[in-house]
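Asker: What follows is each chain in one-letter form.
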Amino acid sequence: MFRFFALFVCLGLVLLTGCSKSGPDTGAAPSGGTPAGKRLTIAFMPKSKGNGYFVSCKQGADQAAKDLGAELIFDGPVSPDPAKQNEIIENWITLGVDVIAVACENKDGISTALKRAKDKGIKIVTFDSDAEPAARDFFVNQATPEGIGNALMDEAARLCGGTGEFAIITASLTAQNMIEWQKFIEARRMAKHPGMKMVALRPCDDLKDKAQAEATTLLGAYPDLKLLMNICSPAVPGAAEAVKQAGKAGKVKVIGLGLPNENRRYLKDGTTDTVILWKTVDLGYLTVQAAAALAKGELKAGATSFKGGKLGEFRIVGDNILLGEPFKFTKENIDQFDF
Amino acid sequence: MLKRHFREFSVLGVLLSVLALLGVFAPDFFAPQPLLSRLTAAAPKLVVACGIAVVMISRQIDISVGSLFAVCSVVCGLVAAAKLPLPLAVASAVAVGAIGGALNGVLVAGLRLPSIVVTLATMVTLREGLRLARQGVFIDLPDGLQWIGLPMIGGQYLVCGIAITVLAAMAAVMRHLAIGRAVYAVGSDAEAARLAGIRPRLITFGVFVLMGALTGLAAVMNVVQSPQVDPNTGRMLELEAIAAAVVGGVAVSGGRGNLGGVLVGFLLLACITPALTYIGVKPYWDKAIQGAVILLAVVADGLRNRKNGR
Amino acid sequence: MLLRHETVLLAVLVAELIFFGVAGRNFGTADNIANIVRHSVEIGLLALVMMPVVLAGGIDLSVGSTLGLCAVLFGKLWRDGGLPWEAAAVATLGIGATAGGVNALLITALRLPPLIVTLGTYSLFRGLAEAITRGTDAFTRFPPSFLFLGTGRIAGIPAQAWIFAFVAAAMWLLVHRTTFGRSWRAIGFAPEGARYAGLPVGRRLAFAHVLAGIVAALAAITYTARFGTAKADAGTGYELAAITAVVLGGTSIFGGVGSVHGTLLGVAAIAVLGNGLSRVPATMSNAGELSGMLTGVLLVLALAGGAVPQWFADRRSRKGQTPVPP
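Protein chains in written order, with my numbering: chain A, 36 to 374; chain D, 25 to 334; chain Z, 994 to 1319.
Warning: the hint list may mix true and false statements.
Claimed, not checked - Listed below are the simulated BS3-like cross-link pairs for lysine-lysine, each with C-alpha atoms no more than 30 Å apart in a straight line:
| hint | chain 1 | residue 1 | chain 2 | residue 2 |
| --- | --- | --- | --- | --- |
| 1 | A | K283 | A | K342 |
| 2 | A | K286 | D | K306 |
| 3 | D | K306 | A | K218 |
| 4 | A | K303 | D | K107 |
| 5 | D | K331 | A | K366 |
| 6 | A | K227 | D | K107 |
| 7 | A | K227 | A | K142 |
| 8 | Z | K1069 | A | K150 |
| 9 | A | K119 | A | K218 |
| 10 | A | K218 | Z | K1069 |
| 11 | D | K107 | A | K142 |
| 12 | Z | K1069 | A | K331 |
| 13 | D | K306 | A | K283 |
| 14 | D | K306 | A | K232 |
| 15 | Z | K1069 | A | K142 |
| 16 | A | K119 | D | K306 |
| 17 | A | K73 | A | K150 |
Claimed, not checked - If you want the footprint, here are the derived chain D segments under chain A, 3+ residues with CB under 8 Å:
| hint | region |
| --- | --- |
| 18 | 60-67 |
| 19 | 153-160 |
| 20 | 181-193 |
| 21 | 257-271 |
| 22 | 302-308 |
Derived from the structure by calculation, the hints contain no laboratory data. On a predicted model such as this, the values are computed, not experimentally measured, just so you know. Glycine included, C-beta positions come from ideal geometry on N, C-alpha and C.
Work the whole structure out from these sequences, hints included.
Answerer: See below:
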């Protein structure tokens, strides 16, 4: 008897609550801009939590929210589950946020959830990596996949003098945006640098220690290797340490997408040649500024420039707010940066 | 000898054939320097696998070691980064590991909760707590910590030496000392062990504390290999260590297995991934081959079970 | 005498609902409840079939990987095989059954421990999914009639909730009202005893694993319909989430004790906790981390709730000097 009761209660509890209120959607987000006097709620999502790159974006985001007097929610997946970003977006829709800023892990997957949010009147800004254009209002563009791919491949070819073997270390084989970067890296190689040869691609699970082990193996397995290209941030210091320990500093070049602080010592001692990145703190700051302006109706489609708080004017091309070109950190300029 | 250690020898056979194939197709695999570096990088996992083997022999399991490993790494890094003396950094990592292990031990031996559930809970709690506290930001270490101030080769020999010493010492204890035999007794039949005058709950508690301390030691052995600590380190370490132990013939049902087998299982699994890189297999085959090796290693055992009609 | 585990868990769930209803922003709205249901269907389905496996004294670590493998094969059959999605879905259920069958064969015919076998297939199935897609291929642009399964509503309730309710009811009847359920319980309680009592132990265990494979395939379909994309990383980590829900729901990890409604309560308690924390202003920026930590704490408390009184009883009677196996 008790079992029936418990079963009934636990199924009924969930379903009945759903049924009884599923007439007019009372809990849906307010549509359109925010009434004056109400504090703006900005939801800000990294690809994953516990990642130094997004921690530095958050620094800027926090600063912007403070300047604007807005409420900032910072949440993202803690597990490697690709559907998790969608779940958080869907929860934010019913939470009633005014604007969502998101770095998309999976372009196709997340766009369905973002479109739903847009239908409810929530403004959408993407940063770091874009969604489908129809699913968002603006993209704070620090670099397109094509721009990243070209910059990495050109830099690799420059360091190797146009010929030689190289290998790529990625986070995981299934990470959507890294797959896209690889496509553009390969396209650029075919078009401009046919003398370069990619000999291996290895995943490091976004872990520095694993990247170090993979790089050590690659150095042994491919004695003619001239360059390691690292397209996830923990892999850059990992690969550099492996090259250094193998006594091949200078002989095998190291480049990648990474954070200045994690790579400072390797850039200084010459193991790592170039780290490509943008000013992540500024990216977070600009994204939140743009999100707020969008929600208040100050930023509209068709605008050609945008004033991003203390950072000044930014150019808008189409629906892309341009942060500026990716930046190359080298031995010479690394000391000007701390993030 | 062959009959009693059938499993260990069958895995050893697989390992030797893999190595022989590598010798033919990729002799570079055995070039001394990258080999020593690879062994050094894997050495901390061997220490953890030894601990897991003892836990499994006592008929328990611990899936929190990966998270505890990360916590210990961060503690070691923070103490070192605060410019405190090196021995203190090492000691604090081992101590934190032992405390973590003791927490599991109290819940398992004291409250008699199932270890797989307890360590599942500590696994997520430690991992998420660490993420909350550190946000994944790397810790920069002072210069003296890498290789404990030794030249690199010296440091590599030291790390590998510690791993081998731990393995040998534990093998000796488990085989020849009363306390080691007591672990087997508890794992085989705890009630019988109790009647024979062993205190099973104390043994179980001790096994978890040992596991934690070894995790702390392994974390230090890993931290000294590079000048930065990545707080996300150790993810999936528990599965790698458990796989090494079971492939090496340690029974999940307790009471069976030895550390020689663990070494063989560990070496087999540790050489597969690099071997695939050396012979140029595409990376998307990695996991399938890892899984197939685990299954093949145990299927031999299964076929024998079937023949003997256990 | 203590309260039943399920009653305590129900109280925890009600307490969560009340707390988040008061402290959380827009928690009790119809849309949010629909979200909670929608987001927990896959893990819920896996938990429902993990439960009989655990009840019979086993474990299945491969269900998340089976989900991933089924998702990419479903996509492959639909896009490259040219099958209509309905036919691809039916074929996928067959693939799930085969995956479960591999586990079943190794566990029952070769008498290997389930933990090791499914640890191997955990890696193998995920690896096959990666190998088939080379890690990079993703299946998208499914027809709207298929996506409806994951995003639409029938009678105001999320479409996949109907599937879940059907499976839940079927599992409840199977476990609590048929001889299958009784034999799983008996096998988990005393495998040798069950054998001597004439139960076909091997076949019953095999059935539980095949069932787990089929339902994992079903979860792959609802997952793909909800997310709109099938890739080799679908369902990563779901096995641990499902085991957590089953154990929190009062099923003994040693087998022999457990209930389907307990499992449902376990799934609900975890889902509500995660959703609720993302709605309380103080925790909404750390919801992911905190819900993981609190689930761990809840898990230990739920078990300790039964164990602490037992510990005092033991001290009095000086019995039970032996720790229980894993």
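Asker: Please go over all the hints and tell whether each is borne out by the structure.
Answerer: Structure-based check of each hint:
no. : hint             : result
1   : A/K283 - A/K342  : violated, 47 Å
2   : A/K286 - D/K306  : holds, 26 Å
3   : D/K306 - A/K218  : holds, 17 Å
4   : A/K303 - D/K107  : holds, 22 Å
5   : D/K331 - A/K366  : violated, 66 Å
6   : A/K227 - D/K107  : violated, 49 Å
7   : A/K227 - A/K142  : holds, 28 Å
8   : Z/K1069 - A/K150 : holds, 26 Å
9   : A/K119 - A/K218  : holds, 25 Å
10  : A/K218 - Z/K1069 : holds, 21 Å
11  : D/K107 - A/K142  : violated, 45 Å
12  : Z/K1069 - A/K331 : violated, 45 Å
13  : D/K306 - A/K283  : holds, 25 Å
14  : D/K306 - A/K232  : holds, 16 Å
15  : Z/K1069 - A/K142 : holds, 20 Å
16  : A/K119 - D/K306  : holds, 29 Å
17  : A/K73 - A/K150   : holds, 25 Å
18  : 60-67            : holds (count 4)
19  : 153-160          : holds (count 4)
20  : 181-193          : violated (count 0)
21  : 257-271          : holds (count 3)
22  : 302-308          : holds (count 4)
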